[in-house]
Amino acid sequence: MAYAEPVEAPMLADQPLTMDELAKVIARDIPEGAFANLGIGQPTKIADHLPTDDQGRATVILHTENGMLGMGRKAEGDEVDPDLTNAGKVPVIETPGCSYFHHADSFAMMRGGHLDVCVLGAFQVSERGDLANWSTGKPGDIPAVGGAMDLAIGAKDVFVMMSLFAKDGAAKLVEACTMPLTGVGCVSRVYTDHAVFDITPDGVRVRETYGISLADLRERMTIALH
Amino acid sequence: MGRTALLETADEAVAGIEDGATVLVGGFGLAGMPFDLIDALIRQGAKDLTIVSNNAGNGEVGLGALLKAGRVRRVLCSFPRQVDSYVFDELYRAGKIELEVVPQGNLAERMRAAGAGIGAFFCPTAVGTPLAEGKETRTIDGRDYILEYPIKGDYALIAAQTADRLGNLVYRKTARNFGPVMATAAATTIVQVTDVVPTGDLDPEAIVTPSIYVDRVVQVAARHYTVEGAR
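Residue numbers (numbering that gives the first Met the number 0), protein chains in the order written: chain A, 0 to 225; chain B, 0 to 230.
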């Protein structure tokens with residue numbers, strides 16, 4: 000059969016998305032029943048938008064690398080328990096069916112490829128899926144990696160959530176990362192405020208855009224977009 | 000009767016830790032940090048210590064206090080730089096402390112290997128990154144790995160919730176974190192708990208750290224720690 004010409008990535012919003020709106024888009028793409036890790040910082044917002052069943056229970060099971068599956072929302076008031084935090088050291092609550100385990104087990108779970116998806120922030124991503132998110136490489140910075148390198152190579156799908164352009168206007172999805180790498184060829188999809196990109200063996204494909212046309216996106220970026 | 004010593008005070012529990020010792024310190028931030036044992040170690044006076052812990056102290060409590068007291072020569076950790084790690088930051092910037100940054104999972108697995116008698120292992124984490132520089136690499140079934148060596152402690156200082164009088168341990172929620180791994184990886188494992196129960200009272204199916212890994216136990220008051228202090 001004859002294939003239609005590829006449809007140009009649709010522009011789905013008049014404006015670039017806020018990080019909250021982007022979190023909602025990512026939540027939409029995490030399948031029900033998945034085991035997911037939402038890292039620290041911005042990606043933790045995704046938890047607020049995950050699908051729930053008819054009893055209001057989340058249908059995605061969240062992993063936190065400090066040793067828990069079935070992590071619940073941020074704790075409020077009397078729920079705060081210093082022995083129960085997420086990877087960002089923010090107090091959280093349990094969900095029914097949650098479990099605890101020690102650090103070696105938690106990272107074996109990750110490194111062993113058992114997690115379906117993790118979502119990480121990034122300074123830069125290369126068109127081959129290399130990730131730079133742990134060190135700016137500036138002299139005098141104190142290096143700190145945490146679980147970033149373990150997460151980058153561990154989950155079946157590694158999604159990045161970031162703003163597309165740095166403060167100086169340069170795109171952060173680049174031909175090759177100039178900052179120190181966290182992982183090589185590990186990112187499968189990049190969610191940004193201006194567009195969503197798939198990293199494929201044939202190059203970077205634009206899935207959808209927000210407040211910018213594909214033509215304008217090509218203008219502002221240095222890599223080839225398919 | 001078991002071989003595990005049940006001691007009256009945290010000071011007795013940390014007796015004998017030598018200058019220059021490698022000490023594994025449990026905790027992820029403040030959760031699971033053995034505050035009473037660290038405070039006792041500060042009073043005990045051992046110096047030139049190598050500390051293995053996930054972080055490099057928060058505020059001036061626990062590990063932060065040990066660093067501030069100037070007892071630590073070297074830190075192996077995954078995430079030293081935090082909003083409240085100013086004690087470490089100043090020591091590091093002044094060149095008064097050495098740092099080896101280790102990916103969090105490698106930190107845990109290297110201690111697991113030490114406790115499990117593994118000589119070294121090939122690990123995919125950090126391949127192609129600055130933290131792999133100088134490390135032996137191998138391609139196995141088409142995937143690249145780097146060789147990682149065990150981290151063994153002279154002592155482990157950890158916190159658990161409950162011990163029985165034999166030294167079997169149960170932890171509490173995410174405060175479990177590094178405790179069970181560190182307990183296996185040190186020559187002498189010292190544990191602070193808030194509850195001690197008669198032998199036989201813990202459900203054998205629910206014991207997380209079997210007593211074989213535990214050398215000294217001390218019961219301490221349950222306290223709620225923040226970076227501002229205990230209450």
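Derived by calculation from the structure, the hints in this document are not laboratory data. On a predicted model such as this, the values are computed, not experimentally measured, just so you know. Treat the hints with care, as some may be off.
What the hints assert, rightly or not - Listed below are the simulated DSS-like cross-link pairs for lysine-lysine, each with C-alpha atoms no more than 25 Å apart in a straight line: (1) A:K88 <-> B:K67; (2) B:K46 <-> A:K137; (3) A:K137 <-> B:K151; (4) A:K44 <-> A:K88.
Stated by the list, open to error - Using C-beta positions, here's what the derived DEER-type ranges look like: (5) B:K151 <-> A:A214: 57 to 67 Å; (6) A:D47 <-> B:V196: 33 to 43 Å; (7) B:V196 <-> A:T94: 22 to 32 Å; (8) B:E135 <-> A:D53: 47 to 57 Å.
Unchecked claim - Listing some non-contacts, in silico: residues in chain A with all C-beta distances to chain B over 10 Å: (9) I60; (10) E64; (11) G66; (12) D129; (13) S134; (14) K137; (15) G182; (16) S187; (17) D201.
C-beta atoms are modelled at their ideal positions from N, C-alpha and C, and glycine is treated no differently.
Checklist entry - Which earlier hints turn out false for this structure, listed by number in ascending order? => result 2, 3, 10, 11, 12, 13 and 15
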